[in-house]
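J.: All chains, full assembly: derive it from the sequences and hints.
Protein chains: 2
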Amino acid sequence: MRVGILGTGMVGATLGSKLVQIGNEVKMGSRSAANEKAVEWAKKNGAHASFGTFADAAAFGEVVFNCTAGTVSLAALTLAGPNNLRGKVLVDVANPLDFSKGMPPTLSVCNSDSLGEQIQRALPNVRVVKALNTMNCRVMVEPSLVPGEHDVFVCGNDPQAKARVTEILKSFGWRSIIDLGDITAARGTEMVLPIWLRLWSLYQNHDINFRIAR
Amino acid sequence: MRVGILGTGMVGATLGSKLVQIGNEVKMGSRSAANEKAVEWAKKNGAHASFGTFADAAAFGEVVFNCTAGTVSLAALTLAGPNNLRGKVLVDVANPLDFSKGMPPTLSVCNSDSLGEQIQRALPNVRVVKALNTMNCRVMVEPSLVPGEHDVFVCGNDPQAKARVTEILKSFGWRSIIDLGDITAARGTEMVLPIWLRLWSLYQNHDINFRIAR
Numbered sequence: 009m010r011v012g013i014l015g016t017g018m019v020g021a022t023l024g025s026k027l028v029q030i031g032n033e034v035k036m037g038s039r040s041a042a043n044e045k046a047v048e049w050a051k052k053n054g055a056h057a058s059f060g061t062f063a064d065a066a067a068f069g070e071v072v073f074n075c076t077a078g079t080v081s082l083a084a085l086t087l088a089g090p091n092n093l094r095g096k097v098l099v100d101v102a103n104p105l106d107f108s109k110g111m112p113p114t115l116s117v118c119n120s121d122s123l124g125e126q127i128q129r130a131l132p133n134v135r136v137v138k139a140l141n142t143m144n145c146r147v148m149v150e151p152s153l154v155p156g157e158h159d160v161f162v163c164g165n166d167p168q169a170k171a172r173v174t175e176i177l178k179s180f181g182w183r184s185i186i187d188l189g190d191i192t193a194a195r196g197t198e199m200v201l202p203i204w205l206r207l208w209s210l211y212q213n214h215d216i217n218f219r220i221a222r
Numbered sequence: 009m010r011v012g013i014l015g016t017g018m019v020g021a022t023l024g025s026k027l028v029q030i031g032n033e034v035k036m037g038s039r040s041a042a043n044e045k046a047v048e049w050a051k052k053n054g055a056h057a058s059f060g061t062f063a064d065a066a067a068f069g070e071v072v073f074n075c076t077a078g079t080v081s082l083a084a085l086t087l088a089g090p091n092n093l094r095g096k097v098l099v100d101v102a103n104p105l106d107f108s109k110g111m112p113p114t115l116s117v118c119n120s121d122s123l124g125e126q127i128q129r130a131l132p133n134v135r136v137v138k139a140l141n142t143m144n145c146r147v148m149v150e151p152s153l154v155p156g157e158h159d160v161f162v163c164g165n166d167p168q169a170k171a172r173v174t175e176i177l178k179s180f181g182w183r184s185i186i187d188l189g190d191i192t193a194a195r196g197t198e199m200v201l202p203i204w205l206r207l208w209s210l211y212q213n214h215d216i217n218f219r220i221a222r
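Going down the list, the protein sequences come from chains A and B.
Quick note on the numbering used here: the first sequence kicks off at 9 and runs consecutively.
Quick note on the numbering used here: the second sequence kicks off at 9 and runs consecutively.
Just so you know, these hints were derived from the structure itself, not from any lab.
A few of these clues could be false.
Said to hold, decoys possible - Residues from chain B shown here face chain A by an in silico Cβ test under 10 Å; the list is partial: (1) V28; (2) P112; (3) C118; (4) N119; (5) S120; (6) H158; (7) C163; (8) K178; (9) I185; (10) A193; (11) P202; (12) I216.
The beta-carbon is built from N, C-alpha and C at its ideal position, and this holds for glycine as well.
T.: Listed below in structure tokens is the structure:
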């Protein structure tokens, strides 16, 4: 499969590398055609890894991952180009964390709206699936780093898109994938960030995750 | 121990009954001196259960539970009387759920503030501990209803108050009690409500809870 990764940060690099390792062709996109981190990432990940602009990555991917910082995701997706994304599955991994007022960050959107919904409204012809935003990127691609049973959430308006993302999550090693329903459930998954950040600070450990006991 | 319960809803009744059952004297308080539900609750719970106004319950309790609806908690606590609560442990179980715009509810405060913090600011001489607000009241008092390991969170500014609440939680059967730090962590525990409500709707089951896998 051809995958586009929007964003050159740790989340994009980690997801991109995993996707190459399990047999996909991956293009990492950024604001510029040859972002230093994207070039370095592609070099490290071999022949099936490449780089380009947001638009290049969006046009390249059959499935595209939004790994940009949540507060700039809408701007990045505008640069990626709605026509390059039309009809495709966009996995929104971002959280709208606003660090401008210091630590801990607040959410730039929450409660009666979410970043996932904002993206779906901005790109009505794109099949947005919110997923993987409730854990550290190490855990996203290697769930066995966290002992025992724990969960990843998906939500979105298109069942086929969610099924496709579910297959990708399984290929990462996820066994428990909870479908929370339509994209409005992104409010719920984005709003767990404050407690996640507390727990991270408490345990000084990224390798934690939520389990829904029932 | 003498316990005051503020609120006559299902949460107050369930916590009050459990506290009587495990050997405490409990007074349920409400806006009026003889609220119908409080009278009925006291009758059902025997000689160690009584009722009165918010102020009566606050004056009676060595420990007081805020089980009022989150959107009216500050008003109820004003009626309870800061002097009746001075120096005491106030366990804040409430969530600021606003049902006025329909379902699902939004939070009337979140992100850069929380109900727990609002209460602590309004009552600076009271030792507020946020706890038990992340699960259904059946589970609050009977954690074994949910299979396997799962967690209850506490937060607050006074370590001794948290230690006292921890003992009460143990007497309810809780084995895993996570201290998230000061009262600002109430933002985190209140903001899990949207995903909790989604999961409740998905599983059609109140007997669910969060486990932090690590």
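J.: Confirm or reject each hint.
T.: Evaluation of the provided hints:
no. : hint : result
1   : V28  : 27 Å, violated
2   : P112 : 8 Å, holds
3   : C118 : 6 Å, holds
4   : N119 : 5 Å, holds
5   : S120 : 5 Å, holds
6   : H158 : 4 Å, holds
7   : C163 : 8 Å, holds
8   : K178 : 18 Å, violated
9   : I185 : 13 Å, violated
10  : A193 : 5 Å, holds
11  : P202 : 4 Å, holds
12  : I216 : 4 Å, holds
Hints 1, 8 and 9 from the list above are not met by this structure, while the remaining hints are.
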